[in-house]
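Chains as they are written, first to last, in this note's numbering: chain V, 1 to 153; chain X, 1 to 64.
Hints in this document: simulated from the structure, not taken from any laboratory. Hints may contain errors.
As the list claims (entries may be wrong) - In silico DMTMM-like pairs for lysine to aspartate or glutamate, Cα to Cα no more than 25 angstroms straight-line:
#1 X:K9 - V:E65
#2 X:K9 - V:D41
#3 V:K38 - V:E26
#4 V:K3 - V:E98
#5 V:K109 - V:D67
#6 V:K93 - V:D73
#7 X:K49 - V:E40
#8 X:K19 - V:D73
#9 V:K93 - V:E65
#10 V:K109 - X:D5
#11 V:K2 - V:D73
#12 X:K49 - V:D105
#13 X:K43 - V:E94
#14 X:K43 - V:E98
#15 X:K9 - V:D99
As the list claims (entries may be wrong) - A few chain X positions that, by computed beta-carbon distances, are all more than 12 angstroms from chain V:
#16 Y4
#17 I28
#18 S39
#19 Q41
Bear in mind that the values here come from a model prediction, so they are computed numbers and not experimental data. Note that CB positions come from ideal geometry on N, CA and C, so glycine has one too.
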Amino acid sequence: MKKYEAVIILNPNLSTKVDTFLKDFEKLLGESSFNIIKVEDIGRRQLSYSINNHNKGHYLIFNIEGDSIKLIDIENKIKYNESIIRHLFIAVKEHSGEDSQLLIDSKNKSSESDDDKGKFAKEKVNTEKVKEPIKEELEEKSVHADEGDKKDE
Amino acid sequence: MSKYDVPKKFDYKNINLLKQFITETGKIIPARVTGISASNQRKVTRYIKIARFLALIPYTDMHK
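Using the sequences provided together with the hints, build the complete structure.
Below is the structure:
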């Protein structure tokens, strides 16, 4: 028995059919005598680059336990499933048991998007700040120049 | 000395952590710059590559 983490990225257009996929996949794992320790449904996420012309993907993370030989069979079956746009099985020493950072992030998504807006706003402010001092310097120079002129007078 | 946060456990799912170790163009920052230990640098590299495969972080900024 080995411990694995499985990450599966589903076609975002089939997001509503996640429950049926989960049932099928759990059945497939069960047939190969795999134990499912934890399932994380992270939901739709923006992909960093497009995969098969998809810009979003529905992420699922499984913590599973089973034999390495049977994993190959599972992978062969998954390969021809068109609703899966990418999958990865990783052997791990221990399952962390805690929620992954991705799940936490997706839960905070609504507040996070606000934060992002805030960041952008801050960046804009920063650029403005960078620009402003230059103007001030110029103004100061012009003021000095004026003073110089006055002194000359 | 290092300005990078090195946690006890690295994880390919912790994107914010891994993003510290890539440049704006998506390259992995070399160990001589990050200043973290060799073993941690190897872990970071491995997990960045996994995260790239899962489209969590970009390979490059040239993706259309």
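Status of each hint after checking the structure:
no.	hint	in the structure
1	X:K9 - V:E65	holds (21 angstroms)
2	X:K9 - V:D41	holds (22 angstroms)
3	V:K38 - V:E26	holds (11 angstroms)
4	V:K3 - V:E98	holds (15 angstroms)
5	V:K109 - V:D67	violated (36 angstroms)
6	V:K93 - V:D73	holds (22 angstroms)
7	X:K49 - V:E40	holds (22 angstroms)
8	X:K19 - V:D73	violated (35 angstroms)
9	V:K93 - V:E65	holds (11 angstroms)
10	V:K109 - X:D5	holds (23 angstroms)
11	V:K2 - V:D73	holds (15 angstroms)
12	X:K49 - V:D105	holds (20 angstroms)
13	X:K43 - V:E94	holds (16 angstroms)
14	X:K43 - V:E98	holds (20 angstroms)
15	X:K9 - V:D99	holds (14 angstroms)
16	Y4	holds (17 angstroms)
17	I28	holds (15 angstroms)
18	S39	holds (15 angstroms)
19	Q41	holds (20 angstroms)
Violated hints, listed in ascending order, are 5 and 8; each of the other numbered hints is respected by the structure.
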